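Each chain is listed here by its residues.
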Amino acid sequence: NAGVTQTPKFQVLKTGQSMTLQCAQDMNHEYMSWYRQDPGMGLRLIHYSVGAGITDQGEVPNGYNVSRSTTEDFPLRLLSAAPSQTSVYFCASSYSGFSAGYEQYFGPGTRLTVT
Amino acid sequence: AQTVTQSQPEMSVQEAETVTLSCTYDTSENNYYLFWYKQPPSRQMILVIRQEAYKQQNATENRFSVNFQKAAKSFSLKISDSQLGDTAMYFCAFGVQGAQKLVFGQGTRLTINP
Numbered sequence: 001n002a003g004v005t006q007t008p009k010f011q012v013l014k015t016g017q018s019m020t021l022q023c024a025q026d027m028n029h030e031y032m033s034w035y036r037q038d039p040g041m042g043l044r045l046i047h048y049s050v051g052a053g054i055t056d057q058g059e060v061p062n063g064y065n066v067s068r069s070t071t072e073d074f075p076l077r078l079l080s081a082a083p084s085q086t087s088v089y090f091c092a093s094s095y096s097g098f099s100a101g102y103e104q105y106f107g108p109g110t111r112l113t114v115t
Numbered sequence: 001a002q003t004v005t006q007s008q009p010e011m012s013v014q015e016a017e018t019v020t021l022s023c024t025y026d027t028s029e030n031n032y033y034l035f036w037y038k039q040p041p042s043r044q045m046i047l048v049i050r051q052e053a054y055k056q057q058n059a060t061e062n063r064f065s066v067n068f069q070k071a072a073k074s075f076s077l078k079i080s081d082s083q084l085g086d087t088a089m090y091f092c093a094f095g096v097q098g099a100q101k102l103v104f105g106q107g108t109r110l111t112i113n114p
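Protein sequence lines correspond, in order, to chains A and B. If you use our numbering, the first sequence corresponds to residues 1 to 115, in order. If you use our numbering, the second sequence corresponds to residues 1 to 114, in order.
The hints are all genuine.
Far from chain B, by Cβ distances over 12 Å, these chain A residues were calculated:
{"id": "1", "residue": "Y64"}
{"id": "2", "residue": "S69"}
{"id": "3", "residue": "E72"}
{"id": "4", "residue": "L78"}
Covered stretches of chain A (chain B as the covering partner; in silico rule of three or more C-beta atoms under 8 Å from a C-beta of chain B):
{"id": "5", "stretch": "42-50"}
{"id": "6", "stretch": "101-115"}
Over 12 Å on every C-beta distance to chain A, these chain B residues come out as not near it, computed from the model:
{"id": "7", "residue": "V13"}
{"id": "8", "residue": "T60"}
{"id": "9", "residue": "Q83"}
Just so you know, the hints here were simulated from the structure itself, not pulled from any lab data. Treat the numbers as computed from the prediction; the structure is a model and nothing was measured. All residues carry an ideal CB built from backbone N, CA and C; glycine is no exception.
For reference, chain B alone in the conformation it holds in the complex (with noise of 0.2 Å):
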């Protein structure tokens, strides 16, 4: 079975400082998908980043970027510059194509202090 962990349960950092969010996965798979959601105090899930397994290069949106190391099973979520509006769980999650499920990690809950 496909496990994912995030071994950091709270993070607190500055405003505009960069912050990391660590993620390691399980599987024996080789076609499968990355994703980071990131749960505001609204609750609402929202994607922040997709990853394919496939892909070499690592994937960037805007501020948020990831380290994909396939051979360790690490999908790290680093967060630039980090806002005030960047305050929320992250969940980390993956998923095997054709697998028609998600599993998500425990979650890592990360404050930005202005």
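Bound conformation, chain A alone (with noise of 0.2 Å):
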């Protein structure tokens, strides 16, 4: 199994610009979510989907949008980048949503350099 992979491992931006971060995963999970990581804020929750079909959003969804057409994948846009969205990008996932117990599995990250 390759696990949860995300690509790409690195991007630059313009502001305004817009680019989707792919994350797939080969494990059968239902439950998919995107981290961003802040220096000295730890993981936040930008969006999350507990079945294909079906998301919400996280802490800090704004200027960010996602979809679920299939079990594997789940996409993270960005619709005009701004310098304020320069992070770094995880993509997890875990056998369930409905139970917080389940390990999430984390894909490598992606930096994201928006100018």
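Take the two lone chains, each set in its own frame, and fit them into one complex as the hints suggest.
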């Protein structure tokens, strides 16, 4: 199993550009989520999904969009990039979102810089 | 809203020493889970240990153990016989049963010196 994969690993955007961060998992996990990691702030939840066709907002959803058309994929879209979105982005998956006790498996992260 | 606080931004110990990382959380819920995740310089997040709130017995995983004090809302991680490979950021995380979200602390950067 590849686990959770993310592409790209690094990305530089100009303010106002849009892009999609890709996330895929091959573990047949129902639950997938996106976090951003900023110095001194830990990981903050952006959006999450408890299954195909179901998404919901996390703590910091503004400026981001998600969809979940398949169990495997959970792309994160930046609609109009801003310097405040400079961060490291992690995708994670777990067996089920209906129990908080399941381990979350994380992707390797995407370092995004917005100039 | 649930919050998780890690009051030690950085810690440094010598190899083979024991180190304890602190974590406190705030919740009115009774059924929840607590985690410690490790993030080495490779950036990959790895689960270290997990504790169910309904279990009074503290979780252990080889050299890693926790001190779970439910009444005090405290969840510290003890690393015994520390190794150079333990150098990493450590994040405490909290999840309420059914809430579908994990809340992370700010992280503690741990350095193990040779």
